[in-house]
Amino acid sequence: MCGIVGTVTGFNNKYQVLDIVKKMAKKIVHRGPDSSDIYLDSNLSYCCAHQRLSILDLSKTGNQPMESFKKRYVIAFNGEIYNFKKLKKQLNLETNIPWKGSSDTEVFINAIEHWGLDKTLNFAQGMFAFALLDKKTKSLFLVRDRFGEKPLYFGFTGFSSSGALVFGSEISALIEFPGFDKKIDLNAIDSLMRFSCIASDLTIYKSIRKLKPGYIAHFNLEKCFETTPKVYRWWSYKDTIQENNKSKYKTETEAIENLEIVLKNAIKDCSVSDVPVGCFLSGGIDSSLIAALLSQVTKTKINTFTIGFEDKEFDESANAKKVADFIGTQHQEIILKPEEVLKIIPNLPSIYSEPFADSSQIPTALICREIKKKGIDVALSGDGGDEIFGGYVRHFKGSYIWSKIKFIPYPLRSRIGSLLKSIPQNKYSNLIFIGKKKNFLQKVIRTASRLENIRNADDLYRSLLMENINNSIFSKSFLDELDNPLYKNFKELDDFPICKDNDEIARMLYWDAITYLPDDILVKVDRASMAYSLETRAPFLDKKVVETAWKIPTKMKVHNAQGKLILKKILCKYLPKKYVYKPKKGFAVPIQEWLRGPLKEWSQDLLLGQEIRNQNYFEVEKIEKIWDDHLNNKIDNTRLLWPILMLQSWLDFYK
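In terms of the working numbering, the sequence shown is numbered consecutively and its last residue is 655.
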């Protein structure tokens, strides 16, 4: 696991380029503190740097950027190739490569030399984002893994003759390039408000884009500034689903047996390391299953970690400890006091590099920090389990609710929604039966909006995925400049595998895996872990696990308002049922209360101060009303306020 940066410049002063790239690399030292190296090809005006976090082959032979044995290719690689030993064995049968070390990167680049890029990518199992220079064809390839576990940003910036193509693992490195174009992309702000994250391929800057998961960006270095890069897909999740749908398992027993085998193999591959390995353990299905199977495939007692809070409503450490005790792990509970948690909030812009507003970013960053303090360099996580096997409430309860309301004709549903919205909000508080029900008014408004607008199950999913923001919170100039609002045209949700035309739950799983997973979940985990030089690995996103998952009929995963059924049945082999069948609980902190308490002054300065007025993105008077309603407990407006706070905090940090 590492960090990469690089540039193709429009000027030839090699010393100046070296100084610039070194400066860029220093901004991501946290991603790879163990060594730092740089490569320069003056003829091609190409320079890249690599910050290394040593995980496999801790010697200097694993340092990068690295050349292939015939010196045609140069790679700056971030990630891990889990099946590199199998690839190396095959290469040894076909070639006579003079190996210098035992790193996965050396195997990977020489596999590219021998088999070519496309074939090697299809053979490889792992997570990665890398820059590959082909000196023979004078080409640069930027490549990202199947699900987007590792980040890769790129774009053209600078001015006239000093303009350049820049790329790297984090935006914070790219802005170090002289003359970087810092114009904000208003579509990114719109995305942040609606999704709590910035959707691919947008970034906060107009000049920079995220390379989408499973894509390659190909640059002709001789015409780098004259032609647009060829950006194309090297792996398709949609095709994977359609291909594996053809050979579905006929019985649950067959599905369970095959899934358990591939999960064990994936976990075994993910645990290969030359440094200490641990495992996140929240007590939920995904992390418990990873920990249970890891204990089956390793000979040593595994290290598990959970984070807890003094507020018992948000503390899952007791559940995690029960699981750890039953499995028999070397378990560590990290219980944090509120003041410790609050201290990290001002550092979030630095950790996440661009605005990010999933509030579970806070406990994620804290547990990564604490695991690293315990001497662990690699941690296995349960990320991907929800998206692949149906673990979110919208997967099982959303479809269940739709099955009940779809029989009400749409015109009648819409009319009911309109009537509910037309009732003045203060009238609801006078209803005796409401009493002190938590967030009742907020739930009524959301339900009314859905009844008013939802025509089918896919519309319901959209409403659960995307916050229904009232555009009046934005300034008129913001709305006038907004190019193509996401809420009107989110193209990813117009696409799904044809074989799932009559399977609304499967469509939800597909859409979550190509949107919410790479843009929210994996961003959250990558930035939080790498801020503390911790590598995380997600066995559920293994290629063979995913292929196996789509051979399993949806009803074996989600049925009767319950999710992840097949994972639960595997887990019951290793844990008592009472540890398995329990309500789902998110990874959360009490942000809504903190905004009214210890974060009140910080929040008020950001929400109503002079800076937000000068930027003219929002109607501050509207924000003030939303803030007052929240402070006075009229309605929980955390979902609106937190993205604004994360944006303003980021703008203040990077101004």
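Just so you know, these hints were derived from the structure itself, not from any lab.
As the structure is a computational prediction, the values presented were derived from the model and not from experiment.
Be careful, since some hints might not be right.
Claimed, not checked - Keeping only pairs whose Cα atoms sit at most 16 Å apart, straight-line, the calculated EDC-like set for lysine to aspartate or glutamate is:
| # | residue 1 | residue 2 |
| --- | --- | --- |
| 1 | Lys70 | Asp134 |
| 2 | Lys138 | Glu67 |
| 3 | Lys14 | Asp57 |
Verification of the supplied hints:
1. Lys70 x Asp134: The hint holds at about 11 Å.
2. Lys138 x Glu67: holds, 15 Å
3. Lys14 x Asp57: violated, 31 Å
Consistency with the previously given hints fails for number 3 only.
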